[in-house]
Every structure is written in C-alpha cells, then in structure tokens.
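Peer 1: When you get a sec, could you build the whole thing from the sequences and use the hints?
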Amino acid sequence: MKKSVLGLVILSALFTTSAVHAAKCRFQHDSTDKFTKVRTLWTRWDPMESFFGDLGDTSMDTPAGFVSAWYETDEISLRVKIELKGFSDLEPPFYELEDRIVVPEGARLLVMMADETIVTLYSAREERVNSAVTPPETGMNITSSFEIEAEADIRYALDSEAIAALTRQGATNIRVEAADTQYDVAIHKKSFADITKAIECIQAAL
Amino acid sequence: MRTSLVATAMAVMAASGVTNAADCDYRKNEIDLFTKEKLVTTDSVDMTSWISASFNQIIGNRHEMTVRAISVGEQNSISVGVKLSNTTQYAPNEEDLYHALFIAKDSSLAITMADQSIVRLPAMKDVRGTTRAIYDAGTYVVSTKFNLSYRLDAEAADALAGQDVIYIRIAAVGGRYEFVSDAGSIDFNVNKTGNGALSKVVSCLRQAQEAT
Chain W
1375 MKKSVLGLVI LSALFTTSAV HAAKCRFQHD STDKFTKVRT LWTRWDPMES FFGDLGDTSM
1435 DTPAGFVSAW YETDEISLRV KIELKGFSDL EPPFYELEDR IVVPEGARLL VMMADETIVT
1495 LYSAREERVN SAVTPPETGM NITSSFEIEA EADIRYALDS EAIAALTRQG ATNIRVEAAD
1555 TQYDVAIHKK SFADITKAIE CIQAAL
Chain S
431 MRTSLVATAM AVMAASGVTN AADCDYRKNE IDLFTKEKLV TTDSVDMTSW ISASFNQIIG
491 NRHEMTVRAI SVGEQNSISV GVKLSNTTQY APNEEDLYHA LFIAKDSSLA ITMADQSIVR
551 LPAMKDVRGT TRAIYDAGTY VVSTKFNLSY RLDAEAADAL AGQDVIYIRI AAVGGRYEFV
611 SDAGSIDFNV NKTGNGALSK VVSCLRQAQE AT
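Top line first, the protein sequences correspond to chains W and S. The opening position of the first sequence corresponds to residue 1375 in our numbering, with each subsequent residue numbered one higher. The opening position of the second sequence corresponds to residue 431 in our numbering, with each subsequent residue numbered one higher.
Among the clues, some could well be false.
No more than 25 Å apart at the CA atoms, straight line, and that leaves these computed lysine to any residue pairs for SDA-like [claimed, not checked]:
1. S:513 x W:1460
2. S:535 x W:1564
3. S:468 x W:1554
4. S:555 x W:1480
5. S:555 x W:1571
6. S:466 x W:1553
7. W:1455 x S:511
8. S:535 x W:1476
9. W:1459 x S:560
10. W:1563 x S:466
11. W:1571 x S:464
12. S:466 x W:1549
13. W:1459 x S:511
14. S:555 x W:1479
15. S:468 x W:1555
16. S:466 x W:1486
17. S:575 x W:1463
18. S:575 x W:1563
19. W:1459 x S:513
20. S:513 x W:1518
21. S:575 x W:1468
22. S:575 x W:1521
23. S:466 x W:1560
24. W:1563 x S:461
25. S:575 x W:1471
26. S:555 x W:1469
27. S:535 x W:1553
28. S:458 x W:1492
29. W:1564 x S:462
30. S:555 x W:1492
31. S:466 x W:1494
32. S:466 x W:1496
Bear in mind the hints are in silico, worked out from the structure with no lab data behind them. Here the structure is a predicted model, which means the values were calculated and not measured.
Peer 2: Right, here's the structure in full:
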C-alpha cells in the first residue's frame, strides 16, 4: 500500500513537472506534412543572454546567441543561432560580405554544464552565411552608419547520451567552433536551463 | 630553475626598456574556460609615430602600425595591425578594392634586428585588406587595413626579446595604389624611439606565461 502511494506521488510529481514545462513551452513550428505524415516540431528561440545586458552591446566581436530544439523523423537536434552586428561609416564592398560566418559540417559545439563538464556536439551540416547591410537612415538631424549583420542557424544532432547530459543540469557557456574562428557565449543566469527546457519541450510534445 | 628563468626574463626586459611588471598591460590574461589553456594577449603598442615607409612608398600618405603578442597555450604569435592610405583621381571600383592588398598564409614577416640578423615569422592565415575609398576635396582617399598573426617560435622570441628592431618587411601581393612594392612587400623603417616595441611585447608575453 505504502509503495503504491509513493509511486502515485512520484508519478503525479512527474506529471506536474511535465505540465509546468509544457505550459512554458512555446513552439514556432508544430506541423505534420500532409503527404509524408512526418511531424516537425521547433521550439521558440530563447536568448542566452539578458536582453538588458550583453545582447544590447552586441557588436561583430561579441556574438549574441539563441537556442531552440528541433524534432523531425525521430531525431532531436539542438539549434544554435549566432548573431553578429557591426557598424561602418562607409559602405562595405560586396566581397567583404560573403561568408561572414562559416561553420563546416562536423564542427563542434562545446556546452559547459553547471558542474563544469563539457558536452560536445557536432554540426549536422555546413552553415555558410553572408552579411546583410542596412544603409544609413536619411533625414533631418539623423546621423547613422551602415549596419552590417550576419545570422547563422546551426543544427547539432543529439543522441540519447547527449540528451541525458544536457537535461541533467543547466548550461553556463557555449562555444561554437567555426571555420577559422570561434564564438563564445556566456549564458545569463536566468537562461541556464534554456537548453534543458527546449529539449524537454520537444520530449513532452511527442 | 624557475628563479633563473624569471631573472633572465627580467634581464631581457631591462635591456629592452621594460623596467618592471607595471609596464606590461594585457588585453587578456586568463585561463580558457573550455580548454584550460592559458590565454595571453598583450595590449597593442602603437608604432605609428616610430615608423616610416621605405622605398618611396606612400610618401606623403598615412601609414599606421600596431603590434601585440598573443599566446594560446603553447602557441605564440605576433599580431600586426597595419593601415595604409593613398590618394587617386579616379573612382575605385570593387575589383580595385578587392585587389588592393592580399597576404598569403606562410608568407613572411621579416624583421631586421640591430645586429643585421633577420628574424622571419610565417603568417598564420590568408588575409585580404579591408579597403575603402572616400571622396574628399577632388580626390579619392583609398585606405586598406589588416590584422594578421605571425607564428612565433621560441628561437624567434629569444631573438626579438634580445635586441632592437630596425626594419620590418611584410611580404604581400597587390599592385593597386602602391600599397605593395614591385618586389612584393610593405617595408617600414623603425626609428630609435620605437625600435624596442617588439622586444617589449615579447618580453611581456613571456612574463605573463612565467607568472603561472
């Protein structure tokens, strides 16, 4: 009798946790293809930094990072978005805008967990992004520069071992390894659990 | 052994004009979170007022140079930042800007020391100058700039830390705007005030490495 009560408590606690997570889960994509019947799920991008902190100071040297989880044909992937932003008084020539961010297939994503262990993931495909340029605003008393932006969306395949490691505890830092550079993002305290949450949202929805 | 290493570093620093630890400033001096390697980047030293372009290049125009020393774990390098400007009557097109300056991986940074010996450091990657043109008072001012790291092995570091520098030659490609000489280089004389700058950054790098 005691055992069954205990089991019930544990089960209800699990359901409560899932329900809490499910309530917080926001998807930008949840659909089933009419022809193939393949279901795809994609959680909303969560910023890894505080909007009032690092993100506001984003420049070409300090990337902003976002995270989401993706599900398709029985596979869950972690998606990391890196945004670079810079300004120039002069219009940059076209050749400088090409290949602003290049992440080869198989490039590593290092995720530092709260206990300082590192989870290593590998990019599922090449990501090659050009910069986009927004010309300065014109008008009375407006002085602005050319705004140069690049945004890469990199997918990292997750196996069961990686999912277990990423959902066991929060993450504090990530490092995206690119072709000839790397992008480090320190995750804001409030966002430590965002990677865990994104994966759990997919799991809860299946 | 450790004491003698530090003593040697201090002696080298004294010879190169760096008198004490307070003279060394660092942009970065930390342990990498992921790799646990030590990362050191000295502050940039602006050599602009201490250099002049040789071989009649860029006479009357601007040229700027900064240097700093970098170490990532055991890998040391010297990072050189250069900006060159020239004027032209004709509006540059994209191709002109694209071909203004290029430096290939492994091409050399040749540094002539006070005793006329030459230290050669290989470029760690390809780099193309970031080139812009501004129309100003009837002419176009074309500027190109780049930052490039050159690999620094222990022997080269000893040579650079030990004495002054009198010439710097950067091997490069680019026929436009006379940024690069016909011989394929950008050359600078270094005057007496600035010829200890490279010794300083190398010595500061070593000092930070030995402080662990």
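Peer 1: Against the structure, test the hints numbered earlier, and report the numbers of the ones violated in rising order.
Peer 2: Result: hints 2, 5, 7, 18, 30 break, sorted rising.
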